[in-house]
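Student: Following the hints, put chain B in place on chain A, whose structure we already have.
Chain order of the listed sequences is A and B.
Following our numbering, the numbering of the first sequence begins with 1 at its first residue and continues without gaps.
Following our numbering, the numbering of the second sequence begins with 100 at its first residue and continues without gaps.
Treat the hints with caution; some may be incorrect.
[Stated by the list, open to error] Stretch-level coverage of chain A by chain B, calculated; a stretch enters the list once three of its residues show a Cβ under 8 Å from a Cβ in chain B: (1) 11-20; (2) 45-55.
[Stated by the list, open to error] Have a look at the derived ranges for each label pair, beta carbon to beta carbon: (3) B/Leu364 to A/Gly38: 45 to 53 Å; (4) B/Ala149 to A/Asp81: 50 to 58 Å; (5) A/Ala36 to B/Ala202: 54 to 62 Å.
[Claimed, not checked] Examples of chain B residues lying across from chain A (beta carbon under 10 Å, computed): (6) Ser247; (7) Val250; (8) Ile309; (9) Arg369; (10) Arg372; (11) Leu435; (12) Leu438; (13) Ala440; (14) Val450; (15) Glu451; (16) Glu452.
It should be emphasised that the hints constitute simulated quantities derived from the structure, not laboratory data.
Owing to the predicted nature of the structure, the values given are computational and were not obtained by experimental measurement.
By construction, the Cβ of each residue, glycine as well, lies at the ideal position given by its N, Cα and C atoms.
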Amino acid sequence: MTQREDEAWRRLGSVLDPETGLSVVDLGLIRELREADGALHVRMTLTHESCPLGVFILDSVRIALAPLCPDARPAVELSFDPPWTPDRITPAGRAALRR
Amino acid sequence: MSAALPPLAGAKDRLLPASVPVPYFAAALAFHGLAWLSLAAAAEWVPGFAGGLGPPLAALHLVTLGVLAMVAVGASLQLLPVALRAPMPLPVAARAVHLLLVAGVPVLAWGMASGRVLPLSLGGVAVSSGLALFAALAAAALARARGSSLVIAHVWTALACLLALALLGLALLGDFVHGWLPDRAALAAVHLAIATYGFLGLLIMGLSQILVPMFALAPNPPARPGWIALGLAAFGVALAGAGWFLAGAIAGLAAALLHTSLMALVLRRRARRRLGPSFVLIGLGWAMLPASLVLGAGLAFGILPRGFAPIFVLVLVGGWLLSTVLGVLMRILPFLATLHAAKRGRRLMRVEELGDERLLWVQVGAHLSALPMVALGAALNAPALVWMGAMVGAVGAGAFLLFAGLVAWRYYELPPRAGAPAELRERGA
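So here's chain A without its partners, still in its complex pose (with noise of 0.2 Å):
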């Protein structure tokens, strides 16, 4: 991992979904991040296709990472297949869900 990689993971880690608290990491919506060709790339995913919140987060997910990214935009696209699941969620945002 990078340390711009790392970086970004940090900060995906303080973009909170609103309805349930949790960071996008911490409930499971990224499924990939790397870093190619000087930018960074995002492939994530939504609790639900229909989650009217959902392009509010993925804006939060861009301007997260865009201080990261001086010279070209984070790329994030969204991928639904397969679907996300509770499973994907962390032990830690278990946790945190639980209390």
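Tutor: Below, chain B alone, put in the same frame as chain A:
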């Protein structure tokens, strides 16, 4: 930045301005309090109420039209374009529906309470026009929707019921003036069945397929049993519409048990353990749905005496529909505030941070106390108990109104998002 992929393409443009849906919810909360107060004023006529003009009928329609239909219309106009990727209805038309309902419902209720022809006619025409305009807007949007076909089918069936119930409602109002119906009581029962189990019930069943998994953080329920439940429910409503109430109640009961078991499955698979006060009411609604059908079947079969009719209506409208709608409203009010705040370029705030849950618990407690008190009052022919129950219900409605006011206040106080690049701020990201 990548281009948005098809599922969310144009999502922001399909979100109606907050000034369109918010007045629906504000009106519904105001009518909620007014309905309980009207019931208190009508307390002496509630035991033994068997339909017909009078204060109980007015209180009933303040709930069904003022609260339930108002929330159903407002939530549909807001959520259908976003959740089903349907085109957004014209804001001016959506505002016109609201005006017709807000003006028409109190006038109609006044006419029902007083028996005066003019408010009955004016209110009836205004409400029917508003509902017909809503049906046209929703149908235009649904025709080009690309979301879940199961949800879309629910909404189409609900809209068909809406047209039928509006026509039946007008026929019943005309009968008050002209006395042209041969069997007014039977038609009123059909109107009630189509309004509650048809329009409102099918809309709730459809939107539950999206909202319950989303709120509980669970996978979607399997679609095939959902289709079977829809088929059974539509069949049951059609049977009731033809006057075969017992057969309709049996088909409806099968649909209700299938639907509630699907929702129970969703909750069993949920990741979020704590669901809060809203799901206490939603759970009560799920229990009261089959209970109402059992009572309805008992009345249709003649096992239960006619004196049980007010209790049946209370279980149906208060126990199932009002509980469910209030529970959903508890969740979607702060959710929509977050959604619109994000559209305005405000910080994405946790939904729970926007309100004060203690107020919702007051609403839940009041609702859970008020319903049995009114039911007991109706069963024991004790108007004082009905009055007390209605006043407790009004206290709950006041608490919910305070909660909504708090959400609105915090919505306007939200700070802009920190660190948002200028272009994202400018387009309201």
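Student: Could you check if B/Ile309 really has its C-beta closer than 10 Å to a C-beta on chain A?
Tutor: holds (6 Å)
Student: With chain A as the partner, please determine if B/Val250 meets the hint condition of a C-beta pair closer than 10 Å.
Tutor: holds (9 Å)
Student: Would you check whether B/Arg372 satisfies its interface hint, that is, whether its CB is within less than 10 Å of any CB in chain A?
Tutor: holds (5 Å)
Student: Under 10 Å, Cβ to Cβ, is where B/Arg369 needs to be relative to chain A, so tell me if that hint holds or is violated.
Tutor: With a minimum Cβ separation of about 7 Å from chain A (threshold 10 Å), the hint on B/Arg369 holds.
Student: With respect to the beta-carbon atoms only, verify the hint that B/Ala149 and A/Asp81 lie 50 to 58 Å apart.
Tutor: 56 Å Cβ-Cβ, so the 50 to 58 Å window holds.
Student: Does the CB of B/Glu451 sit less than 10 Å away from some CB of chain A?
Tutor: holds (7 Å)
Student: Are 3 or more residues of the stretch 11-20 of chain A near chain B, judged by a Cβ distance of less than 8 Å?
Tutor: holds (count 4)
Student: Does the Cβ distance between A/Ala36 and B/Ala202 fall inside 54 to 62 Å?
Tutor: Cβ of A/Ala36 to Cβ of B/Ala202: about 60 Å, so the range 54 to 62 Å holds.
Student: Any CB of chain A closer than 10 Å to the CB of B/Val450?
Tutor: For B/Val450, the interface hint holds, since the closest Cβ of chain A sits about 5 Å away, which is under 10 Å.
Student: Is the hint on B/Leu435 kept, meaning its closest Cβ partner in chain A is under 10 Å away?
Tutor: holds (8 Å)
Student: Hey, does the B/Ala440 contact hint survive, CB to chain A under 10 Å?
Tutor: Holds. Min distance 9 Å.
Student: Measuring from the C-beta of B/Glu452 to each C-beta in chain A, is the shortest one below 10 Å?
Tutor: holds (8 Å)
Violated hints are absent here; each numbered hint is respected by the structure.
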